[in-house]
Amino acid sequence: MPNKNGSVYGLTILSPIIDDESATPSHDLQIREYLAKLPTGEESPFALAPGTHLCRLVVMDDVIYVGAPACEEHLHSKYLVFESNCDDDLDSYLQGLAASVPERLDAIWSHCVGYPGASNPQAFIDYMKACQIETTFYFAAVNDRSVTETLSALQTQRAVADFIACHQTVKPEQLQKEFTEFMAVLKAASVPRPGGMAPRRDIKTGGRNE
Amino acid sequence: MSKLNATDIQGFVLRGYNMPVARYLFLHFEDATRARSLVGRLLRKVTTGQRWDRGKPPNTLNIAFTHRGLVALDLPDAALLTFPVEFQQGMKKRAAILGDTGLNSPDHWDECWRTDQIHAWIGVNAQSPEALDVGCAEVMALLEETGGATAVASQDAAAVVIDGKPTTREHFGFTDGFGNPDYLGVERKSQPGQGKLMPDGSWAPLATGELLLGYADEAGELPVAPVPHLLASNGTFMVYRKLHQNLATFRAYLEEHSARYGGGKEKLAAKFIGRWRDGTPIELSPDRPDPSIAQDPSRSTNFTFGADPEGTRCPIGAHVRRVHPRDAFGFNSKLIDRRRITRRGLPYGPFAADGEAATDQEDRGVIFMALNANISRQFEFVQQQWIEYGNDAHLGNQKDMLMGNHGGRGRFVVQGDATTTNPPFLCGNLPNFVELRGGNYFFLPSITALGMIAMGLVDPR
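Protein sequences appear in the order of chains A and W. Position one of the first sequence corresponds to residue 1 (the working numbering), numbered consecutively onward. Position one of the second sequence corresponds to residue 1001 (the working numbering), numbered consecutively onward.
Bear in mind the hints are in silico, worked out from the structure with no lab data behind them. Hints should not be assumed to be uniformly reliable.
Here are the in silico distance ranges between beta carbons for each label pair [what the hints assert, rightly or not]:
| # | chain 1 | residue 1 | chain 2 | residue 2 | range |
| --- | --- | --- | --- | --- | --- |
| 1 | A | GLY6 | W | GLY1330 | 13 to 23 Å |
| 2 | W | PRO1297 | A | ASP162 | 36 to 46 Å |
| 3 | W | THR1101 | A | GLN122 | 31 to 41 Å |
| 4 | A | THR180 | W | GLY1330 | 54 to 64 Å |
| 5 | W | GLU1256 | A | GLN155 | 21 to 31 Å |
| 6 | A | ALA184 | W | GLY1330 | 39 to 49 Å |
| 7 | A | PHE137 | W | SER1202 | 32 to 42 Å |
| 8 | W | LYS1093 | A | ILE64 | 23 to 33 Å |
| 9 | A | PHE137 | W | ASP1053 | 40 to 50 Å |
| 10 | A | HIS76 | W | LYS1093 | 37 to 47 Å |
| 11 | W | PHE1331 | A | ILE164 | 24 to 34 Å |
From chain W, some residues computed to sit far from chain A (all C-beta separations above 12 Å) [to be verified]:
| # | residue |
| --- | --- |
| 12 | VAL1161 |
| 13 | GLY1220 |
| 14 | ARG1251 |
| 15 | ASN1391 |
| 16 | ARG1437 |
Just so you know, even glycine gets a beta-carbon here, dropped at the ideal spot from N, CA and C.
Here chain W stands alone, though its shape is the one from the complex (with noise of 0.2 Å):
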């Protein structure tokens, strides 16, 4: 297929921006017109997929709609029917089948969340807080002038900042951010482990349609989409998900688990993972981590588990081979191929280095944000299989060590062999060492699609 073109599909899309910090802004719409004119202001500013040929921009907009924004937009009923099921009900009625009970239930959601009020998200990136300042005064100044939206609730995320410099560590420790697919047509630095493995072992990008709407995906179908086809073409849907982390919770458990497993502290810490705390992957190197591998875009994502049934290196129930099982189903793959999800995202709250007190209750944690053209197909099925239940890999009802809701209840099984820094190990009683505050379903339409929003042509007929 031919190059898509960047300058219709928003640039948080096509790119993960790697900028230190982020706002997300969520918007309520009061009145139809008003906010149909907040959004065709907005147009001018969203940031595209263009190529930064003279650089990064300081900051960056984007902007997405839950489906009752699309409402409060008066989109036409015609139109707004055909939207996906699980778009249309949005997250909150989805807990059932996503596992979104007990502790992760809506009734622990943070305020916004529990209501339906959120009609529209707003996220600015920026390279530093003061253009980060800057970039959200202007979205302010625009809500006051039009009168098209209130903020009903900001969150402000950042990379993790160790020794003066942004990483991309998460708050329990670990490099995170390496497992984002290639897709056909979209410019990227593309890596080995990136796409789909192909029968020859190499890797390929995946079918556009399994991030934007109006391509083929990887069936050869165009994923369904709302009509009419100009609304939907060259968008996709965004999943928000506030994932609050019990660091203190997590430090304790692998202190009291890895003082019985002879790999000690550091080798637990990374099967449960997958990945050593600086991203070197087990797979590659189980005995300890190797920055020569992890800092090599060739190698870091450039593994499968074909060789490891057992799971004696990385376990089969280790958190990225759970989400990401790449060869270990068989059928060369064909069974993941349809359930990637692309991720953005930032961790949140304040970072506490290993050493330094932590609680769970202080507010921290990751915005976990995935595109994708099916959130049905993709996220919540990696979501409900991969994530809260094991059956495909065998491991019965077991879920996600590091993201399961497990109500204290959870079992992981870490696979060995006959060596003394090798050895099985089962930990028990796992606790939720991550908690969901919140989210739900967006929708990212192109650049036409927003112009057509804003002036109020999206005409279904």
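Same shape as in the complex, but just chain A (with noise of 0.2 Å):
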């Protein structure tokens, strides 16, 4: 199934915006405004919400076709963009936002057109499916495992190797003694927030070298 990779659901959503005329600023626009105020750290409502690996909200105002003889030619509507790398399956994905930021997704999608609002969790499924595409194709950079297993996973890789580099001469006994308290903390650690267990980093762009 093309929208999954293992446990990893690709999810691709594309939403019209309402076309209005009336309304100042524009539907796309007051959309713009809105994410470019967003949290993205630990306050991010995806952060917040259960389940996102990894996503990313565009709004795609038109396609330029590029070539040649110029051709001109539009969409018929701007379309909101929801791409999200989550944790199987769909509909508890969906159902988890609604639960968690219902007031976040409102002040996005309540631009588009026919959004009937989060506060249903139901037609917000519905909504959200209408809207989905196949997403064929996307790259998705987790070993396989969810969101709750990735962040165990580092918080576990982090904490044995600053437990190795402390510990590199002490005598078996006491390493072993050290090693079990040592356990019996991480076991009993919760699981980090999303977001937070990054370091802080100036470059937004993610690697991209320009």
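Build the complex: two chains, separate frames, hints provided.
What follows is the structure, encoded as structure tokens:
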């Protein structure tokens, strides 16, 4: 199934943006303004709601034909594009969004045609699925694990590396004792919040080179 | 492709001069007309890539410009704005992209690099200090005579001398300068391991366009280059970085950590770099340095990492493995071939042999000069992704052990096996062994282009 790679789901949703000449500023500009101010770290709506590995929201104004001879053509509408790498299954993911951050979703999607609001979860799920297109191909930079499993694994990796770094010369009996204590603490530790573990990065282009 | 026109290409691009001393003069242009006349006079002295059939000259001279320098020379705007964005911006503005932050940020650079006054680089290499003085005196006389520029700074550099002989050692004690690639059409004694890896395991020269503008690169495209074509062709871009080395910190760190490492001090040092101090690749000789390998050009760069995926011989994060992963990323090294750079450069500052006292404050390091056709695709990619990040090597956000801007928080894993002399080991709290003290991006034009600049004949239309 092209929307899925292992247990990770590649979701693509295109929601037509309301075309209303009397709206000031226009609905697409209102979405842009809201998105530009959304927090990106632990407070991001997609970190507060469960199940998102990585997602992106884009306002697509039009698609420009590039080639010769030139040809002017337009989309029927402007679209809000929502792409998300999320944990399967889709219904529970959308349900989780509607339950955790309904005001945020409404602030974004209320500018889209036919949006029913997030207060009725089933209507929200039906709407999103009506706007869904097949993803066909996507890059999932995750190791076929859920968001929770990934966050726990990263926490474990970091903690074990720290433990090794400061125990390399410790005598075996002492090492075993401290390791047992360490494991108990690690097992009791809560899963870190999404969006909170990454170091602060100045570059928001994430590796793009210019 | 046929042989390149070596008489039109600056010699610095085509070969490492392998001369023991050098001085880099940094010029500021006051007046475009006088500056162009200076370029015209210097042009006659510029060392080209022509073969030295009658032996090495006593000294050489090469020249390159910053974008601000080209502006000061009054190149037409229509040509100036066709240079790649990163070159127009200069290295200081690229600090965030390059990871030149914290201790490496422009605030900590030498005075001359904190402003934008440097317009040109003149590199004089020489066989002796006397010949160096003669070469530089000629430049200074021309500066005076033409009034074309003032020398706002200069940097001396010299091969480290051990037992009276110039060597290729750098200040941490490692033999340097193995890894320059071969390019199609560049006449050079080539050796296996220096070009690109072919599917049959042999090595072939890289496309000329990875080094020189105006030729096809590894993608079969012409590199992004300014117009007119004649201004760009046979030229290249140079990255200049003054890298200060914290020798006392390096020694203390190695001493402290090797005391806990089962393989011993020299082996840990070799694990950091991927070569023993004499240059022997640890991939080929994991237990001891072997001069018969280090000094044999058919072996010293002739290795791959494919048989060592776990890094038990050469750690995955070892410096040489990071900056030239060879076959380590698979796909017949195709992911590597467009990220290669040619390094020139020499150490600067007093050498302190092992056992001699040294501090971090003493002014010593290496002048790193990299030549590439595309700064953003080649140097900047290597710096950003392979030096200051680790994801391509599956090392998360770890940085290059040697060059990384660690700020005291870096980590380096020495992979190992079950033997007592090659145990796994973890180095934590890495400090900055190397700190950036300044630099910039330069355009190194062809002889033809230098003539066009000197005569004010750059016509982008």
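Now the hints, each set against the structure:
{"no.": "1", "hint": "A:GLY6 - W:GLY1330: 13 to 23 Å", "result": "21 Å, holds"}
{"no.": "2", "hint": "W:PRO1297 - A:ASP162: 36 to 46 Å", "result": "44 Å, holds"}
{"no.": "3", "hint": "W:THR1101 - A:GLN122: 31 to 41 Å", "result": "49 Å, violated"}
{"no.": "4", "hint": "A:THR180 - W:GLY1330: 54 to 64 Å", "result": "40 Å, violated"}
{"no.": "5", "hint": "W:GLU1256 - A:GLN155: 21 to 31 Å", "result": "29 Å, holds"}
{"no.": "6", "hint": "A:ALA184 - W:GLY1330: 39 to 49 Å", "result": "41 Å, holds"}
{"no.": "7", "hint": "A:PHE137 - W:SER1202: 32 to 42 Å", "result": "35 Å, holds"}
{"no.": "8", "hint": "W:LYS1093 - A:ILE64: 23 to 33 Å", "result": "30 Å, holds"}
{"no.": "9", "hint": "A:PHE137 - W:ASP1053: 40 to 50 Å", "result": "57 Å, violated"}
{"no.": "10", "hint": "A:HIS76 - W:LYS1093: 37 to 47 Å", "result": "42 Å, holds"}
{"no.": "11", "hint": "W:PHE1331 - A:ILE164: 24 to 34 Å", "result": "32 Å, holds"}
{"no.": "12", "hint": "VAL1161", "result": "38 Å, holds"}
{"no.": "13", "hint": "GLY1220", "result": "20 Å, holds"}
{"no.": "14", "hint": "ARG1251", "result": "20 Å, holds"}
{"no.": "15", "hint": "ASN1391", "result": "8 Å, violated"}
{"no.": "16", "hint": "ARG1437", "result": "21 Å, holds"}
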